[in-house]
Amino acid sequence: MTPVGLPHYLVLSALLFSLGLLGVVLRRNLLIVFISLELMLNAANIALVASARFLNRIGGQEMVFVVIAVAAAEVAVGLALLAALYRQRPTVQSNDLDALKF
Amino acid sequence: MQTLFPWLILLLPLAAAALISLFTRPHRDLSARLSIGAIVAGFWLTLLLFALPGAAAQAYETRIPWLAAGGLQIDFGLRIDRLSLLMALVVTAVGGAIHIYSYEYMRGERRFSTYFACLSLFTFAMLGVVFAPNFVQMFFFWELVGVSSYLLIGFWFERPAAADAGLKAFLVNRVGDLGFLLGILLVWSRLGSVHFGELERRLAENPAALGAMATVAGLLIFCGALGKSAQFPLHIWLPDAMEGPTPVSALIHAATMVAAGVYMLARVFFLLAATPHWPAALHFLEGLDALEIIRIIGLFTALMAGLIALQQDDIKRVLAYSTLSQLGYMVMAIGLGQPGPAMFHLATHAGFKALLFLGAGAIILALHHEQDIWRMGGLRRAMPLTFWTFLIATLALCAVPPLGGFYSKESILAHAWHQDKLVFALAWCGSVLTALYMFRLVLVVFGGSPRRPRDAQPHEPSHIATWPMLFLAGLTVLAGGADVEGFLAGGAQGTASLASRLAGPLAHAPFVMLAGLAATGLGFAMAWGLYRGAYRDPLPARWSTLASALRQRLLLDAWYARWIGGSFEALACLASGVDRWIIAGAAVRGVHGSVELTGRLLRLAQTGKVSTYAFALGCGVAALLYWLIR
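Chains A and B, in that order, give the protein sequences. The first sequence: position 68 = 68 (my numbering), numbered continuously. The second sequence: position 532 = 532 (my numbering), numbered continuously.
Everything labelled a hint here was simulated from the structure, so no lab data went into it. All of these numbers come straight from a predicted model, not from anything done at the bench. Don't take every hint at face value.
[Unchecked claim] Among chain A residues calculated to face chain B with C-beta under 10 Å, some are: (1) L21; (2) R28; (3) V33.
Even for Gly, the Cβ is constructed at its ideal location relative to N, Cα and C.
Produce the complete structure using the sequences and hints provided.
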């Protein structure tokens, strides 16, 4: 067994990121899209932490904290928007929200 | 006083026009009184200027700075000399009589005050032309005369014919005025001044100062007179202008506006008489000078209009063509190099032609706006006063001594005789025509038996209208004693005794005088033979081709409408096509269409689905990353 190295983490991170991206692009339910967004952020976090650990640089870990803070803020704003939206139009399907389409 | 009076004469009618249009429009009587008061005051002030010791003796100017651009300094001023004083007297005397006559003639008019405002504006413009000391100021007032005449001719604008006539007069005059403007610019560019006195001085110092353009400049300036004085080929507006109210015809188309052209020619005569010289491109015209061309045009107009007048049935149109013919004589006199006789004839003609128009107006009013002479007849008994004044004016027009018209016309004919026998012969034929058409008019309108509906009972106009007619008749009778030529030439007044002046034509040119009288007699005899007691015109039956050509005004109006009007229409079609297909079609709609097409294509990218945008975002980020890391 080869020891788990940086490439493994990066591949895992890439896989998770792609899954998240697919979720954002393909799913219609806004909550799922939201969760997929979180997945993409955390995939990036894995890549950052792993890089910091294996390359002995602390900067990556610092960046992770920033990302977590941004993600928390984003969730707060995003969920608030969703709740407000739901009051206007009782749906969470993104396809129904096409008022700006000509 | 010598400077104040001319300003008052000029500005009083303007003040009247302004007051009427701004304040007194609802008060009909007050408006008319203001307008009449302004011009009558002008008349008395002009007479006072004549009477002031020395006022008429020498020319003087009063001026205020007006425009200064670069080296060009133009003053707004008044030039008072014998010529302008004489013309101002004609304008205010004849104009005043017509103003008063209008008070009666226009009584029932709804826009009575407006009419008088227009009359006063016109008087102001005309006096401005008369007193103008330079070309630019003259041109301004010249155009103002055009505008106010447009207002007056088209006064009954509810009638399409009147509206069209006003437009026609205005447009035809613009053609002549374009030439006038070019002439002014040419003179200014060559001589560096637009001031009459200055120009005359410079030309006297150096007769060749105008160089190769001397004749062209003279002819271009003559173009202005061509339009205003209605000379061939720009004469077509005057007969149509008879659509205006009859006093307007008397004022504008007999006494003042059409005389402005002749007056202007007399004013700038030194330019016309400059050494003839053509530019190289027009060298083949060498030998013709400006005066010769002016002479030919005047003579041709006199004859042509005299012929057309023979076959007109509208009383005002006969008078209109007669006016054209007499203006032709005046222009011819200018062309003979004799502005003095031209101005003399202008002055006498203004009086008796205005009188003829006022008489025609009285008849038209009495017959309830009937203008066809073949439906009048026998008016001599019904309207004796109109008949006698009309007859006096007719005799003056036909140059019967001792009326004013006799002396002025004999003077022109005598000069023609001394200079060019052919011109004299043709002008003599014109005299025969004059007598023929005028006595035709008198015999048909006043003679014979009534040819109108039985219930019509024509009667004289009220005394407000008859006084101006009597006044003008008095002027016509007395004008023969006025030594206008001697006055204009600057001689001291009273050198020749009245008797010697009255017998002048007999003493100086007995043959010309006898020939002139013979022409009048011949014309009268022909009219007597043809039209005494006639019920309809005998000419169309005898010479049908000639008569129908004359009735259709020698087809000139139709020809103009067809060729000039037609070519303008073709041009308009072309312009409209360019506008519709190239500008609106290709340029405007092309831009609009391509933008819209692009928009329609780009709209397809707007699906309204978040996932599409997210996908596009992902692709974009990936592409960006690839481009950064590569």
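Q | Earlier hints that do not hold, by number | A | Structure breaks no hint.
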